[in-house]
Amino acid sequence: GENVEQHPSTLSVQEGDSAVIKCTYSDSASNYFPWYKQELGKRPQLIIDIRSNVGEKKDQRIAVTLNKTAKHFSLHITETQPEDSAVYFCAPGRGGGNKLTFGTGTQLKVEL
Amino acid sequence: GAVVSQHPSWVICKSGTSVKIECRSLDFQATTMFWYRQFPKQSLMLMATSNEGSKATYEQGVEKDKFLINHASLTLSTLTVTSAHPEDSSFYICSAGRTGSSGNTIYFGEGSWLTVV
Numbered sequence: 001g002e003n004v005e006q007h008p009s010t011l012s013v014q015e016g017d018s019a020v021i022k023c024t025y026s027d028s029a030s031n032y033f034p035w036y037k038q039e040l041g042k043r044p045q046l047i048i049d050i051r052s053n054v055g056e057k058k059d060q061r062i063a064v065t066l067n068k069t070a071k072h073f074s075l076h077i078t079e080t081q082p083e084d085s086a087v088y089f090c091a092p093g094r095g096g097g098n099k100l101t102f103g104t105g106t107q108l109k110v111e112l
Numbered sequence: 001g002a003v004v005s006q007h008p009s010w011v012i013c014k015s016g017t018s019v020k021i022e023c024r025s026l027d028f029q030a031t032t033m034f035w036y037r038q039f040p041k042q043s044l045m046l047m048a049t050s051n052e053g054s055k056a057t058y059e060q061g062v063e064k065d066k067f068l069i070n071h072a073s074l075t076l077s078t079l080t081v082t083s084a085h086p087e088d089s090s091f092y093i094c095s096a097g098r099t100g101s102s103g104n105t106i107y108f109g110e111g112s113w114l115t116v117v
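Protein chains in written order, with this note's numbering: chain A, 1 to 112; chain B, 1 to 117.
Please keep in mind that the hints were generated in silico from the structure rather than gathered at the bench.
A hint or two may mislead.
[Stated by the list, open to error] As a list, the in silico PhoX-like pairs of lysine-lysine whose alpha-carbon atoms are at most 20 Å apart:
| # | chain 1 | residue 1 | chain 2 | residue 2 |
| --- | --- | --- | --- | --- |
| 1 | B | K41 | A | K109 |
| 2 | B | K55 | A | K99 |
| 3 | A | K57 | A | K71 |
| 4 | A | K58 | A | K68 |
| 5 | B | K41 | A | K22 |
| 6 | A | K42 | B | K41 |
| 7 | A | K99 | A | K71 |
Next comes chain B alone, as it looks inside the complex (with noise of 0.2 Å):
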């Protein structure tokens, strides 16, 4: 069936560093991806829709230069998190939706646990 990755599934950083997280449609092609940062013991926060071949659009209070989304191909999404800091830190997971036969189905992403030191 369809299968939406990520990769890395753990990183640690240091404070001050750029960490770049990848999103895949393995079997799919993707025009749309979006990104969820979820804290401890919370909801998934949606961050940015990413459009492939455009810009992302991002929800009222996520910085867009401080998280750098690129979708430069159908089947890949980057999230870029610049100097990074602790209180970045934090389980970032994509979804993406696939239109078939049956309907519309969103897969999610294994999720990228995010540690800043």
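Bound conformation, chain A alone (with noise of 0.2 Å):
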């Protein structure tokens, strides 16, 4: 089955700078790649994703680029703020992407 890692698994930084999650996985017909944002107890939030033809995408301080060829996509989060504390699971899907095969998960900090 797929594997999927992710990159660092607990993340802490201070307001205002960036933060970097990569997700690296197996399967190679895996063409759907979004990142998950889940607080405590409660269901995940998709923030952003990206389908397999488009290499980066962009939603104001949220970004995702991909690597297709070396299997790993990441996360990019400008301007952190303590609200964006929270774990993050990036999640690739295959086919109509329903099926998601979720990361190991990455703890993020944002001090202030």
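Starting from the two chains in their separate frames, assemble the complex, guided by the hints.
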């Protein structure tokens, strides 16, 4: 099955700094690459996604970059704020994209 | 917008009993739904794919006789944890995809916390 890993597992940044989380996957058939933010006890919330025909996508402070050849994609958060503190998961999917394999997760802490 | 809802949000049951969790797509039809389990401080692990009108497809290592899945209608999938034990205590969450004009969107339910005592 798909093997999905994230690095780092924990990340602590100062407010205003940038944060980057990398996701590596093994299934070359993956064609949907989302990032989710999950707060404790709540459902995952989609924050940005990209499909395999695009290399980069940006939405305000959040961006995702994809390298299909190397099988990794990264989440970039600029101007971090305390409310960005949460656990972030990548979850590549294939086919219609509904079936996701979640990564190992990254705990992001934004300190004042 | 499209919503996926789960019930109950919290359930406590005694060891050896069975618990049913419902996942509903409120304003769209879902021929396929997915069930995940998440232990504290861990990732979401796919348990099974629920298929409307046919048998569920279970991931490797998930006992199909213990985690019964029924998808009898296009808007409802149920997960029954049979003969629950304390190690089954976890956060269970479902998802369903909806295809619209802007492409496919995946919706997650609110999740259900199961505590087996």
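**Indices of hints not satisfied (ascending)** = Structure breaks no hint.
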